[in-house]
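Colleague: Mind assembling these two chains? They're in different frames, but the hints should get you there.
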Amino acid sequence: MTALLAILKRDLRLALRQGADTLVVVLFFVLTVTLFPFGVGPEPEVLARIASGVIWVTALLASLLSLERLFQTDYEDGGLDLLVLSPIGLESTVLAKCLAHWLTTGVPLIVAAPLLALLLDLPADGLGGLLLAMLLGTPTLTLVGAIGAALVLGARRGGVLISLLVLPLYVPVLIFGVAAVDGAVAGFPMRPHLMVLGGLLLGALVLSPWASAAALRQAVE
Amino acid sequence: MALLEAQDLVCVRGERTVFAGLSLALEPGEALVLSGPNGSGKSSLLRLLAGLLRPAAGRILWQESPIADDPQAHHGRLAYVGHQDPVKPVLSVRENLAFWTRLKGGADRAVSQALERFGLLALADVPGRMLSAGERRRLNLARLLSAPAPLWLLDEPTVGLDKGSVATLEAVLAAHRAEGGLLLIATHLPLALAGARELGLARYAGTEAAA
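For the record, the sequence lines run as chains A and B.
Be aware that the first sequence starts at 0, since it is given in numbering that gives the first Met the number 0, and climbs by one per residue.
Be aware that the second sequence starts at 0, since it is given in numbering that gives the first Met the number 0, and climbs by one per residue.
So here's chain B without its partners, still in its complex pose (with noise of 0.2 Å):
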């Protein structure tokens, strides 16, 4: 049985449909890497999936009930990384996770082992300001392990990110999905995912402006 589905989206920004018609299914392990050039809505479809964005059309289902109908339970259930890092430059690191692994009710004893499995421990107590675009994007990530969600909803990952940061994540997502997990990831650069499926959001893009 599918755990996410998704039925027919049809996704609108401002006055254009991004795209139109589009439906997935995941079971759980399993991983969908999100493929289209700039502006075929990858970032889109995320969004709506992590229910930021409303559909214009069409229903997300978790286990077969619309994510619409309570969406704070979905919220508790998934992860969403950004094109952004939501690091406080004045927190440090340790504080800045902390802080948003208490937020999803994540224990404080795992964000120690988060931070060390992004290689973040030795820089646990510099603020949020003296870090690197890499080391903010690794305390972002670092999210996903302190505060465990089914779902992950990442996108373009390893913008930032060394090659070494690259193996710890790829290995973090195997070890997500053999958990059980679902992965969705939009990705420039291609990641080691055994066995992932691919979408390529091209084929969805909408006509122009929706009557």
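If we strip away everything but chain A, and leave its shape as in the complex, we get (with noise of 0.2 Å):
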């Protein structure tokens, strides 16, 4: 436990001294959401019909730059031999980096949505849901990238390597995030697609530890 609780707290510490990732991500969320209203024009009926969708697309990739940073530097200066040869199972370790990533992306993502919620004219009856999907939601992502992340260990251009591995995986947490806010605003019970969503959030917890561990495992080989 002491262990676990070191490693998040050393990732913690070094994502508050090298503030700028966090900040890259939360700008990058944010500009790109502006954008739409230039591209699509500034009639309010459309920009909230689009609003879910626009938000939660730009939340993936957002989460995505920051994505290759998760084990990368660990993997260059040798620390992941380390990691891999703790005590604690290395599948622990990539929750804890894991958690460490979700506090330092995700969470500011969902700080920075009710925000464009508000500039993209979203129907205030999907503001809840969409703060709600997306806390069901981001974590997956976190956990779902660590997978591709461990895989590109190695590879030229990596980053662009695990966009291409993780996008499809993210489609599941895209729809039911979109349905659960869409739902909402029209009025529908959106427990159903928060339901889905913690499934997958559960099912990510279980699976990507393991997966992750092994390709890390075989990155240090």
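Bear in mind the hints are in silico, worked out from the structure with no lab data behind them.
By construction, the Cβ of each residue, glycine as well, lies at the ideal position given by its N, Cα and C atoms.
Hints may be right or wrong, so weigh each one.
[What the hints assert, rightly or not] Which chain A residues stay away from chain B? Per the calculated CB distances, all over 10 Å, these:
#1 26
#2 34
#3 52
#4 77
#5 88
#6 123
#7 126
#8 204
[Unchecked claim] Examples of chain B residues lying across from chain A (beta carbon under 8 Å, computed):
#9 52
#10 75
#11 87
#12 101
Modeller: Structural data, given as structure tokens:
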């Protein structure tokens, strides 16, 4: 447990001291969403209609931006060898690193989302759904992304490769994330969609540490 | 009784057999110096014994039980120093060492002592990016002292070290063996290691691609 806390604390500290990484993710999120009114025109009805989809798609892309550095720096400075050799299981190490990654990229995205919802004139009924869906969806993005980040270690242009590997796997989160918001706006219950998002999160919690750890072991061989 | 034993190890990297039929046994307090030309498999052997690589054939035993049966227990009893120094540029010297120490379940008190032993106490609050190559290496070696482990696997630990630090390292290695610790070391620099055996890896050089 001390070892897991040590990993969590170190990664949070690294993210805080290199604050630019988190800032880039949030700024990318905000700037990209603000491009849409310019692209599709300022009619509030159109924007309100596409708001949930725009916010979700942009959140997916923003979270991709930060995935590359999840294991890359440890891989480059030899720290990954020592993480693999730590007496706690590598699976738990991956979980601790994912938690730190979510806290420093997923949470800022959730915080920025209401502002963007306002900007795109998303009906107020959808706001709660958006926040809940993102709360359940963004950890899944981090966990699924970790598999991709572990697989591309050592590859050239790993960042691009991660996108190709991971984006198709993000589709379920996108579908149910958007459905939860649109459902809430249209007055339907959003509970079923949130349940599916929760299920996806639980599945990712079980599968991702195991798959990522296997990929990391392969990377240090 | 041999604490660490390897039987008929075969190491294959890519399509190439690096070495084959390699056996070794180490008793408490023993040191084994790995020698051989570049590419003869010194680093690979150390990584095999650490459990980072898996042997293509053969077994590695600790107290007569295979390390593959319980990798985590094996990880807990070894300290590995590779070619790279895992030092985070934005963390201070003390934070860097404290992290690796906690990961191994070592005490925070040992961190200061380890830093002092390797002459890094004055630099404890300096960020990692300000360190020279030799200082980074000393910080990496300080892990050996802050989280004690019976089996030390050192891959060219003297790279970048000045004379004084090499002497410190020799004293640290001697103290480790005096306490019954095991030492496997690949080095080109002749180190003062009393009664150390030498293992020439060239003898086990593999033939062309494994069938």
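Colleague: Hints first: check each against the structure and report whether it holds.
Modeller: Hint by hint, here is what the structure shows:
1. The beta carbon of residue 26 of chain A is kept farther than 10 Å from every beta carbon of chain B, the shortest such distance being approximately 21 Å.
2. No Cβ of chain B comes within 10 Å of the Cβ of residue 34 of chain A; the nearest lies about 32 Å off, and the non-interface call holds.
3. The Cβ of residue 52 of chain A sits about 37 Å from the closest Cβ of chain B, beyond the 10 Å cut-off, so the non-interface label holds.
4. With a closest Cβ-Cβ approach of about 3 Å to chain B, residue 77 of chain A is found to fall inside the 10 Å limit, against its non-interface label.
5. Not every CB of chain B is more than 10 Å from the CB of residue 88 of chain A (nearest about 6 Å), against its label as outside the interface.
6. In this structure residue 123 of chain A is separated from chain B by more than 10 Å, as the shortest Cβ-Cβ distance comes to about 42 Å.
7. Chain B leaves residue 126 of chain A outside its interface by the beta-carbon criterion, the shortest separation being 37 Å against a cut-off of 10 Å.
8. The Cβ of residue 204 of chain A sits about 21 Å from the closest Cβ of chain B, beyond the 10 Å cut-off, so the non-interface label holds.
9. Nearest Cβ of chain A to the Cβ of residue 52 of chain B: about 6 Å, under the 8 Å cut. The hint holds.
10. Here the hint on residue 75 of chain B is kept, as its CB sits about 4 Å from the closest CB of chain A, short of 8 Å.
11. For the restraint placing residue 87 of chain B at the interface with chain A, the shortest Cβ-Cβ distance is roughly 6 Å, inside the 8 Å limit, so the hint holds.
12. Taking 8 Å as the C-beta contact cut-off toward chain A, the hint placing residue 101 of chain B at the interface holds, the least distance being around 4 Å.
Hints 4 and 5 from the list above are not met by this structure, while the remaining hints are.
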